[in-house]
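Chains A and B, in that order, are what the protein sequence lines are. In my numbering, each number is its position in the first sequence, counted from 1, plus 1477. In my numbering, each number is its position in the second sequence, counted from 1, plus 1477.
Just so you know, these hints were derived from the structure itself, not from any lab. Don't take each hint at face value.
Cut-off 20 Å, straight-line C-alpha distance, at most; resulting in silico cross-link-like pairs (DMTMM-like, lysine to aspartate or glutamate) [to be verified]:
| no. | chain 1 | residue 1 | chain 2 | residue 2 |
| --- | --- | --- | --- | --- |
| 1 | A | 1531 | A | 1562 |
| 2 | B | 1607 | A | 1562 |
| 3 | B | 1603 | A | 1596 |
| 4 | A | 1607 | B | 1500 |
A short, non-exhaustive set of chain B residues, derived as facing chain A with CB atoms under 7 Å [as the list claims (entries may be wrong)]:
| no. | residue |
| --- | --- |
| 5 | 1493 |
| 6 | 1495 |
| 7 | 1544 |
| 8 | 1550 |
| 9 | 1554 |
| 10 | 1556 |
| 11 | 1567 |
| 12 | 1570 |
| 13 | 1572 |
| 14 | 1577 |
| 15 | 1583 |
| 16 | 1584 |
| 17 | 1585 |
| 18 | 1592 |
Quick list of simulated restraints, FRET-style, between CB atoms [said to hold, decoys possible]:
| no. | chain 1 | residue 1 | chain 2 | residue 2 | range |
| --- | --- | --- | --- | --- | --- |
| 19 | A | 1588 | B | 1536 | 19 to 29 Å |
| 20 | B | 1559 | A | 1561 | 51 to 61 Å |
| 21 | A | 1588 | B | 1501 | 17 to 27 Å |
| 22 | A | 1566 | B | 1514 | 19 to 29 Å |
Everything numeric in this text was worked out from a predicted model, so none of it was measured. For glycine and all other residues, C-beta sits at the position ideal for the given N, C-alpha and C.
2 protein chains.
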Amino acid sequence: MLGFVIVSHSKRLADEVIELCNEMKKYNFPVLNGSGTDEDYLGSNPLIIAEAIKKAYIKGGVAIFGDLGSSILNAELALEFLDEDYDKEKIKIMDAPLVEGVLMGMAINDDKLTLKELEDELKELKFLSKI
Amino acid sequence: MLGFVIVSHSKRLADEVIELCNEMKKYNFPVLNGSGTDEDYLGSNPLIIAEAIKKAYIKGGVAIFGDLGSSILNAELALEFLDEDYDKEKIKIMDAPLVEGVLMGMAINDDKLTLKELEDELKELKFLSKI
């Protein structure tokens, strides 16, 4: 079982991704919003992302889902702010589209799921044609 | 220039995608929410998507961005509900991730952009690695 952190250019968009995830998920796991800055719902901040990672951190680890550009860069920076209480082998940014990745990840996140298995499943999304 | 239609499993999520798009876009073009049903903000309905397509329809055409599964299927069904006032060659579902596709599409949607050019640009998103 993994915790999820959502990092979008819009904190309100991420809130709705989390709401949808919570509506549809079968099992209970933490889904935290790592988006926004102290001043604005737009943008992101590595320190805020790091706090979200800490709150989402459970035994299996944490999967971070970002949209594009600065969301991903700030998530990478956030990893630098974690001390050794957090096993960085168990915290990874997913190479997957934000909404589709969360929906697919939520559907398979059970007691046995590892970060490696989630990454492998999400690889399939890359080659999935929608039309 | 193209109009956009957003079809997500959550109408509120799509509202926030549209809000983000409107915050960041350089040019003015219609971005309509085709998500939700008459009863619920979750799910989608081909008739509601068809109405959104009609409102988003401008000279260049309409690009439809959906998340997964029923959003895409209902968007396909919506195309059947359009009469011959709407040139179906100019209305297409994008094979792109929802949030990332809209952000990339919004950034290049100008007076000259055609549906074919947008599709070609969005293909690059498929092979873009986030990490």
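Verification of the hints:
1. Annotation: proposed proximity of residue 1531 (chain A) to residue 1562 (chain A) holds, straight-line Cα distance about 9 Å (limit 20 Å).
2. Only pairs whose Cα atoms come within 20 Å are accepted, and residue 1607 (chain B) paired with residue 1562 (chain A) is rejected, the gap being roughly 26 Å.
3. Proximity of residue 1603 (chain B) to residue 1596 (chain A) is assessed by CA-CA distance (about 16 Å); at most 20 Å being required, the pair is judged to hold.
4. With a C-alpha separation of about 27 Å, the suggested pair residue 1607 (chain A) and residue 1500 (chain B) falls outside the 20 Å cut-off, and the hint is violated.
5. The beta carbon of residue 1493 (chain B) is positioned within 7 Å of a beta carbon in chain A (closest approach about 4 Å), and the interface hint is therefore held.
6. The closest approach between the C-beta of residue 1495 (chain B) and any C-beta of chain A is roughly 10 Å, which is over the 7 Å cut-off, so the hint fails.
7. The criterion of a C-beta within 7 Å of any C-beta in chain A is met by residue 1544 (chain B), whose closest approach is roughly 5 Å, and the hint holds.
8. A hinted interface residue such as residue 1550 (chain B) counts as satisfied when its beta carbon comes closer than 7 Å to some beta carbon of chain A; here the least separation is about 10 Å, so the hint is violated.
9. A hinted interface residue such as residue 1554 (chain B) counts as satisfied when its beta carbon comes closer than 7 Å to some beta carbon of chain A; here the least separation is about 13 Å, so the hint is violated.
10. A least Cβ separation of about 11 Å between residue 1556 (chain B) and chain A goes past the 7 Å threshold, and the interface hint is therefore violated.
11. Hint status for residue 1567 (chain B): violated, given a least beta-carbon distance of 16 Å to chain A, over 7 Å.
12. The interface hint given for residue 1570 (chain B) holds, since its Cβ lies 5 Å from the closest Cβ of chain A, which is under the 7 Å cut-off.
13. The restraint placing residue 1572 (chain B) at the interface with chain A holds, with a minimum CB-CB distance near 5 Å, inside the 7 Å limit.
14. Taking 7 Å as the C-beta cut-off, the interface hint given for residue 1577 (chain B) holds, the closest approach to chain A being about 5 Å.
15. Taken as an interface hint, residue 1583 (chain B) does not check out: its beta carbon lies about 11 Å from the nearest beta carbon of chain A, beyond 7 Å.
16. A distance limit of 7 Å between C-beta atoms decides the matter here; for residue 1584 (chain B) the minimum to chain A is near 10 Å, and the interface restraint is violated.
17. Because the beta carbon of residue 1585 (chain B) sits about 14 Å from the nearest beta carbon in chain A, more than 7 Å, this interface hint is broken.
18. Violation of the interface hint for residue 1592 (chain B) is found here, the shortest Cβ-Cβ separation to chain A being roughly 13 Å, above the 7 Å cut-off.
19. In this structure the hint that residue 1588 (chain A) and residue 1536 (chain B) lie 19 to 29 Å apart at CB is violated, the actual value being about 54 Å.
20. Roughly 59 Å separates the CB atoms of residue 1559 (chain B) and residue 1561 (chain A), a value that falls within the hinted 51 to 61 Å.
21. Evaluation of the 17 to 27 Å hint for residue 1588 (chain A) and residue 1501 (chain B) yields a failure: the beta carbon distance comes to about 40 Å.
22. Take residue 1566 (chain A) and residue 1514 (chain B): their Cβ atoms lie about 43 Å apart, and the range 19 to 29 Å is violated.
Hints 2, 4, 6, 8, 9, 10, 11, 15, 16, 17, 18, 19, 21 and 22 from the earlier list are contradicted by this structure; the remaining hints agree with it.
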